[in-house]
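For chain G, the structure is supplied; the task is to place chain V on it using the hints.
Sequence order for the protein chains is G and V.
Under the numbering used here, the first residue of the first sequence carries the number 86, and numbering increases by one thereafter.
Under the numbering used here, the first residue of the second sequence carries the number 2, and numbering increases by one thereafter.
One or more of the hints may lead you astray.
To be verified - With a straight-line cut-off of 25 Å between C-alpha atoms, the simulated SDA-like cross-links for lysine to any residue are:
1. 276/G x 311/V
2. 276/G x 351/V
3. 148/G x 364/V
4. 148/G x 315/V
5. 261/G x 317/V
6. 148/G x 299/V
7. 276/G x 343/V
8. 261/G x 389/V
9. 148/G x 298/V
10. 187/G x 259/V
11. 261/G x 21/V
12. 148/G x 317/V
13. 261/G x 422/V
14. 276/G x 364/V
15. 148/G x 311/V
16. 148/G x 273/V
I should point out that these hints are in silico values taken from the structure, not numbers from a laboratory.
Small disclaimer: the values here were computed from a predicted structure and weren't measured.
Here is how the chains run, residue by residue.
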Amino acid sequence: MNAPTPLDRLLAPDLDDAHLEALEEEAIFILRETAAAFERAALLFSGGKDSCVVLHLAQKAFKLEGSRKTRLPFPLLHVDTGHNFPEVIEFRDRIVEELGEKLVVAHLEDSIARGSVRLASAGESRNGHQSVTLMEAVDEHRFDALIGGARRDEEKARAKERILSHRDSFGQWQPKNQRPELWTLFNTRLKPGEHMRAFPISNWTELDVWLYIQRERIALPGLYYTHRRDVVRKKGLLVPVTAVTPPAPDETVESLPVRFRTVGDMTCTCPVESLAADAADVVAETLLVTISERGATRMDDRTSDASMERRKKEGYF
Amino acid sequence: MGFALRDDADLAPIARRPLRFLTAGSVDDGKSTLIGRLLLDGRAILADQLDALEARAGGGEPIDLALLTDGLEAEREQGITIDVAYRYFATRERKFIIADAPGHEQYTRNMVTAAAGSDAAVVLVDATKLDLGATVQLLAQTRRHALLAQLLRVPHIVFAVNKLDAVADATAAFARVRAAIVAFAAEAGFAPAGIVPISALHGDNVSRPSTLGGYDGPTLLALLERLPDDDVATSGAALLPVQYVGADAGSGAGHRPRVLWGRVARGEVSVGDALEVFPSGETANVTELYVAGTSVGRVGAGRSAGLVLDRQLDVSRGDWLAAPGSVVPSTRFRATLAWLDSEPAVIGRRYWLRHGNRWLHGRIAAIVSRLDIATLAGHEAHELGVNEIGEVIVETQQALPLARFADDRVAGALLVVDAATNRTSGALLVREALQGS
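Chain V extracted, bound-state conformation:
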């Protein structure tokens, strides 16, 4: 099992990462059919799996593409998807990972799970469920899905207007739905990466171009193939959470210092750079850098690096390495809280928080408001229940190098874990670090 040696000492950010996208839609929007269609067109469905579907469809009936995606026994029994499922397919251009989030309201936590870390969101709009009069009103569910994706800073939001093959005048209908989406997105403050009229059932504009809806733009798949993966914070002051401290890496001769491993969250690190350890405040210079065991000169955001420093410092998992002077610690911050636990969020209770690789105690000092996720308007609230999203003030037991989530998805995100049950209870997206208490 030898290592593949590489010649290039400088590793650029990974050029063509797989594109991970989530699919969001209400029950019966045809989401499972769309995923089945993408897998089928992406050649990810193999003969034995098709056989199983054909056997279930019975002789002569068309197969039900939606059955490709319901994985668990309970889901087959109830005919719904319960949990996030991950699916894979590849075209010549790109590898895709679909995070399939169930659409029904009680499983918003799955949508949050699917959205966290996705590069794009495909929001399904069922044209047959809308009143296609002069001014179309989008369903609350659709607004909720798009706004959640926006709240979690999914970089690209694409709308797929489905079942246009089943409406009377597809061209007029698509024009009206499109206008409603454009108006909604403008109001919510984002620009859709695309609005595509499709028929998941027949395949129009999924991977096969079609004039359905009077459309002449790229198919959904072509659009996804071309989306940039520009989500890595390559600029800005270097920041790296220490993930793992390696044992002494003796090459045989003499003492060698420890290797500190962590994924670069922001900026880049080069041999010779000075770095400050948080929270100790000590500084040292980088003398060696590694990626996956190979010596390199520079590592950019999004890649894990191994660092050897010129001084033996007390550094452990959970600490941060940062460009000197760039860290502003705080113990109090304002954040969006997505609550995922069936037990409501309680003001004052001690929770476990995970920030970067550090576990610490924290508490919700105040609930500022609860967000109406169909409008993003805030309402007064004293607690947050499961699947609710609010704005809160959080206090932590230790100072943290926080960033706004909008700027930095590593230093700006925290996990909330119930100290009694160890359940993952919520996600905090930092809006603003507060000084003093």
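So that you can see chain G by itself, here it is in the shape it has in the complex:
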């Protein structure tokens, strides 16, 4: 039923930069709204591509050209699972230093030490436990707004999330009780202990993100472009060989040219085979791609059709 689409149609879209201008305008509007309406906002920054785009948008929203020594009106916040790719953490720290921003790092290890996170096994994916550490950081720093790079095209439960999404004092999302969002008249009112999640790039797709990275020449960790990496094939995914994901004795390790489409916890993020060396190559690949971003790369999202919704209700970003 899925007739092949002619290559020229895919590779020569007439979509010009104008739609990126509109998306940028909307994102910057939401960033300023969040900074203005809340007392203590923070921008979630992991070094992943979506958060790099949001950070870039924030630079454009709050800093005038020629006066880049100004700081953003909010700090950056990263929940470090302890299982992040080392090159992403290095990238994160380098960008923060270059821009002169303040970074708050909340360590999942600290939650384990406190006992608020208990792993079922040492090798268990820590992705699902991030929400505990995140909420601990919210309490400690009294954040009332968290800005994130989630997009509605990522997953079906996200498609229903508001741009400014209310969280109760347990950090929980109540999908059946969302506030109607009318025009840009955001309902920013909170009670003590509650907070808001703000998603400036809600209306962007994976392709929009890459077109924007290309247009704005946004720096990303090298993992997003082609590099050789040892991987093991498992259930149609390429599982990277790392210190926390060693190969089993019966598994064959291959060295392949790969890139990551999403970068998260090492235990659940997989690369795809690719020779894309820069953003333009990735744009071309994205136009031809046939597997969704999370389907190709996230082991945790494959467990259940509803896994994202459950985690979001628990306070996951």
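What follows is chain V alone, placed relative to chain G:
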């Protein structure tokens, strides 16, 4: 992370914004199938998502396109959509954002949410549900969807007459349904942007031209691709609600005044323009203008601008900047109220109102009437319940620079928030500012 520098100092309104449209239809009208079809034809459905559908359909069965759009667990359990979902696809011509509003009556608030800010509405009409005799009567639900879209000033209303593949004489049936839609729209005072006979199931006239219904016009997708996005109020006296006041933007040398950021609601602002601050009434001239950190000479409606004024004035979020003399403040107005809260609207109770970027207290002084949304006729009423729409008189604690919603969707709209629960309770569309009290 460098800035992309741009050469053009004057920024025109964004030329090709993504087209945001809402889809409205009753349960079983085939709305989810239509959206699935648009996503599939727009290449937004990828192989793993199709696999999931094929797995659910079982061997040999055709996949159910409607399953692409039910996002929440409760929706899959109940087989209905509960909340507005946003979907994305692009053609060569345009990027599209679908705001998918559930059709059943108790979720009218979702339809209002989807309609607010949409450029177009696609109203689904299920041909198999109509008595296709000589004079076709549209369903109350269809009238309600179209009238709500019109009430919220969605610029373009398109009708998609679905399931024509399942009626005996599609050409005669479409001609009759079409005549009923034309008559209804004329009575309601709007011109449909298109009436397209489709089969969402088989794809006729969605993106693939077909003679179904004896039709030779553009497909639904071709029609949407060509709709103008002329919704920005580029003419008129400049008006801008102050959204964010930036810290001193020191370039290193000497003192620089603050930057006032806000999206131009109406008209345009240029360097050198005089602007009046509302409510203080003070005036100043624009000495510098910015868009996203870049210095520009002029900014038009629909874009956020950063302004530096030649005088240090006391301006904060919630204030307005306007062409001098253009603002007529009022504390009392007549408005359409769409009520979205399960607790009814109460006369005299103090609510939070948001107008532009200002929060203030206000109350409903009187309920003039409740609208029968299938006819837009007014009936006497003393309260408004959830999903009801009425005409009300509102009084505010502070004077506001109001405009008619029909003329200005920024200065003409207010949000109503319950002061006790913080729930978003309603939307006010200003019909007329009233002087005195």
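Hint-by-hint comparison with the structure:
1. 276/G x 311/V: violated (39 Å)
2. 276/G x 351/V: Within the cut-off at roughly 18 Å; holds.
3. 148/G x 364/V: Violated, at roughly 40 Å.
4. 148/G x 315/V: holds (22 Å)
5. 261/G x 317/V: The given pair, whose Cα atoms are some 35 Å apart, is violated under the 25 Å limit.
6. 148/G x 299/V: This hinted pair holds, its Cα atoms lying about 19 Å apart.
7. 276/G x 343/V: holds (20 Å)
8. 261/G x 389/V: OK: residue 261/G and residue 389/V at ~20 Å, within 25 Å.
9. 148/G x 298/V: Since the Cα atoms of residue 148/G and residue 298/V sit roughly 18 Å apart, the hinted pair holds (cutoff 25 Å).
10. 187/G x 259/V: holds (22 Å)
11. 261/G x 21/V: holds (23 Å)
12. 148/G x 317/V: Given that 25 Å is the threshold and the Cα spacing comes to 19 Å, the pair holds.
13. 261/G x 422/V: OK: residue 261/G and residue 422/V at ~16 Å, within 25 Å.
14. 276/G x 364/V: holds (22 Å)
15. 148/G x 311/V: At roughly 20 Å apart (the allowed maximum being 25 Å), residue 311/V and residue 148/G satisfy the hint.
16. 148/G x 273/V: holds (23 Å)
The earlier numbered hints that this structure contradicts are 1, 3 and 5.
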